[in-house]
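**Student:** Letter by letter, the chains look like this.
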Amino acid sequence: MLQVALAQVRQHARRFIAVGLAVMMAVGFLTATLMVNASTEASLGNSIGAGFRNADLVVTEGPEAPLDSPAVDAVKSTDGVGAVYAQEMGWIAFGTSTESGYGALQNTAPAGLDNLELLSGKLPGDGEVALDAGTAEKRGLAAGDTIELAPAGGLVAAEDLAAAGTGLTVSGIVKASKDPFMMGQPQFFTGGELVQHLAGEGGPQLRSIQLDLAAGGDATAVKSALAGALADAGFADATVNTAEEQTKAVVASFTGGTDQLTVVLLAFALVALLVSALVVANTFSVLIAQRTRELALLRCIGADRKQIRNSVLAEALLVGVGASIVGVLGAVGLMAGIVAVLQAQPDTEFAALAVPPVAVAVGLVVGILLTVLAALAPARAATRVAPLAALRPADEARAGNAKGKVRLAVGVALTVGGAVVLALGAVSANLLIALPGGMLSFIGLLLCATLFVPPLVTAVGALAKPAGVPGKLAAVNAVRNPGRTSATATALLIGVTLVAMMMTGAQTSRTAFDGQLGAEYPVDLSVGDLTLEGQPLDVSAAATAMNYDGIAAAGLITNGGHAEVHGARTGVYQLAPEQLDLLQDKTLVLDGNTVLMPQGSELKTLTVTGSKGSKELTVVEADSRTLPPLISSAVAAEIGVPKLPAAESEDYYTSLPQLWVSVDRDLDAWALLDLRSQLAAGLDVNEYQISGAAVERAAFNQVIDVLLLVVTGLLAVAVLIALVGVANTLSLSVLERTQESSLLRALGLTKSQLRGMLALEAVLIAGVAALIGAVLGAVYGWLGAQSALGAFAAVVPDVPWLQLLAVLAVAVVAGLLASVMPARRAARLSPVEGLATV
Amino acid sequence: MTTKTEQSLVGAAPGRAASAAATRGLNKIYGTGDTRVHALKNVDANFDAGKFTAIMGPSGSGKSTLMHCLAGLDTADSGNIWIGGTEITGLNDSQLTKLRRERVGFVFQAFNLVPTLTAEQNITLPISLANGTVDKEWFGYVTKTLGLTDRLAHRPHELSGGQQQRVAVARALLTRPDVVFGDEPTGNLDSKVGAEVLSLLRRSCQEMGQSIIMVTHDPVAASYADRVVLMNDGALVGELDRPDTDTILASLAKLGA
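Protein sequences, first through last, are from chains B and Y.
If you read the first sequence in our numbering, its first letter stands for residue 2, the second for the next number, and so on.
If you read the second sequence in our numbering, its first letter stands for residue 31, the second for the next number, and so on.
So here's chain B without its partners, still in its complex pose (with noise of 0.2 Å):
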């Protein structure tokens, strides 16, 4: 039986491919995930490991004491060590004669423990300086250069340090450590104990004792005389390891031993190999359905059921080990490429590859097992093929549609169920109920597939009729076999589901975001206090900030006069009748009676005191926490606008005028924070002096955006399986109907009308499955963002029309594109050849 199953594969290996390539993506998917942490974990031992290649021993300090120098004076003391390293680090200030800046100093280490690669130049003797590439480089610094250095901390200005600092002279250029706690920063080398001087306060931090062994030195011996000459010193809690366990023992503090992304990856690919799973499964429906007389011929010269399963399971077999083994291959290959880019970029040139064994084997082996799982129900169906079979003349193959009675009735129930309870989630806004309800909800969904899909697709497919007969003959044609229509619609829906729930989700949560923000924030952006000299905003800052693009208003906020807000006084802002616009919340409104308070003020009248005298409003709450107290400009001159008191005076920073700034709706966040750099330079602040619901927003916006850029991504190979289920399961379709093609043709159907007939039925199910996903996805992506946000804002559903449309053209444009090659073999056959084949 066996060899039925072999000559199968064999024969038919085309009509396998599609199947392949579904296990093959899900299988690439699943082990480079899980390549993701090792390789993480290899380049940062990579990096890590470089600070001690050249070392036997590493010593580093436990908890309860500090290394210092009466432990380098130990272990230099201590019988079989030879050369020792105490490696120490500092943080310094450093200057050049224009610029400065804050970087890292650490001494070098004696001859053999050596871990610079040099450059250029020598390495630093004492009262001499190296320093990495990059820093040189962007510096300006070469060998024979002098440069300042400091302790960090003071002030780092040129001047002060070409006055306060060390000078040296640069010896070589060396390349930049790999060391975590060195890197992304200027780094000093210096030789002797200059390290001692310079690291300021408190002396340096001696990160390491690293240690040779002396000639013939036993590590296991030297390394237990260390630990107890350390012990006997008082560092009974330090640690003595050779290079490699050191190594291991940082990378582990570093991973913390989970890994987050992959769990997060793993989810991904758990979507992946469920969608293949679906194509697997169709397709071998399929491929039984048109065996059929082939399975009855054999049952009839005496194969046994048992024998028929295993042959078709063989069949799956066979297909699952080659496409895993591809797909793992093709893993490899990717993250091979990944890392080879990585190393060829000077700050990941430690990146490194790793294969482990586990990513392999697991890869492996879910492949096969899923293809091979996949294909029991399928193979389950071949034994039922009664022997007569093969005796009634060549009839359509029919797929059963018998067994689903029970599927159907568990469906509907799961489908009430979780709905349910999706919707007890979003009511009491909790993402824990709503989580499981919308997850069984999907599923039961996706059992109970036939009652709906096929009833769809015959009524979109309606919309064909106008097509003439080949539009007719495609809409019936789609749902000819209602079962694995919905089987291939129900793999696409899968990925677009998730997708558009992501869309709207995302697009509903960044609405609910911005209502919040509305509240939070007052305004888009202020600009508050005083500028980098010390001066308060005047007038000329709106004209400034009006001559950025982007900017829709800008109006300068001034003191209105005081008021005791609970006992604390408060200054009172003056707003014009136009700058009323440039609130967030567009209903509130100031008149000559009433003043303006943040939310939960408590106050039913507030007094409000300017330069003539004073004067009670009726306070009106506004939505914002942070809004200041304010009044009409009206008001304000009732009661006299006071003059801005001297810097001295306690009313000074209560009084100082801010900047308030409305930008143009449609700006991006990149453009914004943009916007916010240059704004701070034109008005000479500091940027975070710069805040706002527009900076929070955009901030929000960046997170969300990237999220999901990189969610829909990682589904996308969910949808690429699907799609390639789409095409598999029409040009299958096809090559049942040679036939009946034949006969079309033969009646007068011309090439361009059949080819459009099989267009038409791939876009319709693609349509439909696609259709059906953005619905569905839009509705779990608003109950899931009300579930999640429900408690700390209000949610109101808010439909990203244009990213569901383009999700719904991809569908409909990939469906075309799954059925060029089918549609090709139909077209190519001539009416007689296709008549004769039985």
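Just so you know, these hints were derived from the structure itself, not from any lab.
As the structure is a prediction and not an experimental result, all values here were calculated from the model.
Glycine included, each C-beta is placed from N, C-alpha and C at the ideal position.
A hint or two may mislead.
Here are the simulated distance ranges between beta carbons [said to hold, decoys possible]: (1) Y/T119 <-> B/F453: 41 to 51 Å; (2) Y/T119 <-> B/L330: 54 to 64 Å; (3) Y/S229 <-> B/P456: 53 to 63 Å; (4) Y/G115 <-> B/L330: 52 to 62 Å; (5) B/A747 <-> Y/K284: 38 to 48 Å; (6) Y/T105 <-> B/V322: 33 to 43 Å; (7) Y/T119 <-> B/L744: 40 to 50 Å; (8) Y/T119 <-> B/A410: 35 to 45 Å; (9) B/F453 <-> Y/I59: 39 to 49 Å.
Here are some chain B residues pointing at chain Y (derived, C-beta under 10 Å) [claimed, not checked]: (10) Q9; (11) L298; (12) L389.
Starting from the known structure of chain B, arrange chain Y on it as the hints suggest.
**Tutor:** Just chain Y, lined up with the frame of chain B:
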């Protein structure tokens, strides 16, 4: 040439060693109500071992149903069936499968061969399915007799219709079954190639002692048989010994076929 009456068949002794296949009181009903068809009515039949028997009758006479029941492909509603002295009535699916594999051979009208396997693999398939070993000598003899020796590595689509049927005959003969069933084995062949296949079947009966039961509606094909059993309306209605085409045609005419 003699024409026996239906009564003489009743005396046949089922289960006898010299019987290749036999039935007693076989009834088969399809459908219910208006669509109810009594396909077999109390059929008692005996097919001698080592003989080539043809079952003839008009369409709907029940000849195919009788063969399906005899071969264990279909189950009867009542009555007993024996293959080579073993009663097969009431056997379960796996026992029937084993029976088909070891004691019965088939040659169908069309679609006899697994398209993905070579001729040789197709011939040895029943033995492979039973995990048995092929009797090389017998395989050589059968394939040589059927003129397939240089066609063994070919796949079905590379063979002519006659060659495909010869491969099917070889497969049926290879297990030395109690009986080979043919279901219109020459229905898809032209008369010359059909004659060739029928001669082969006859030779295998005469030279190898193979029992053969063939369903056909073609009087020419039936004339190759040792004996023709006539059926009409679900019942056996007569039989012809050593018939020729004319006598068969005459008998069929009497049935109103």
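**Student:** May I ask you to test the hint 35 to 45 Å on the CB atoms belonging to Y/T119 and B/A410?
**Tutor:** Once the Cβ atoms are compared, 39 Å apart, the range 35 to 45 Å for B/A410 and Y/T119 holds.
**Student:** Per the CB criterion, is B/Q9 less than 10 Å away from chain Y?
**Tutor:** For B/Q9, the interface hint holds, since the closest Cβ of chain Y sits about 5 Å away, which is under 10 Å.
**Student:** Regarding the hint that B/L298 lies at the interface with chain Y, is the smallest CB-CB distance below 10 Å?
**Tutor:** holds, 7 Å
**Student:** Against chain Y, with CB atoms and a cut of 10 Å, does the hint on B/L389 hold up?
**Tutor:** holds, 5 Å
**Student:** When you take the CB atoms of Y/T119 and B/L330, is the distance between them in 54 to 64 Å?
**Tutor:** Check passed, 57 Å falls within 54 to 64 Å.
**Student:** Given a hint of 38 to 48 Å, does the C-beta separation of B/A747 and Y/K284 actually sit inside it?
**Tutor:** holds, 43 Å
**Student:** That 52 to 62 Å hint for Y/G115 and B/L330 (C-beta), does it hold up?
**Tutor:** holds, 59 Å
**Student:** Regarding Y/T119 and B/F453, is the given constraint of 41 to 51 Å on their beta-carbon distance met?
**Tutor:** At roughly 48 Å between Cβ atoms, B/F453 and Y/T119 fall inside 41 to 51 Å, so the hint holds.
**Student:** Per the hint of 33 to 43 Å, is the separation of the Cβ atoms of Y/T105 and B/V322 within bounds?
**Tutor:** Given range 33 to 43 Å: holds, Cβ gap about 40 Å.
**Student:** Between Y/S229 and B/P456, is the Cβ distance one that fits in 53 to 63 Å?
**Tutor:** holds, 59 Å
**Student:** So the hint says 39 to 49 Å: do the beta-carbon atoms of B/F453 and Y/I59 match that?
**Tutor:** Holds - the Cβ-Cβ distance for B/F453 and Y/I59, about 41 Å, lies within 39 to 49 Å.
**Student:** Just to be sure I understand the hint, the distance between the Cβ atoms of Y/T119 and B/L744 should be within 40 to 50 Å; is that true here?
**Tutor:** holds, 44 Å
Violated hints for the displayed structure: none, as all numbered hints are satisfied.
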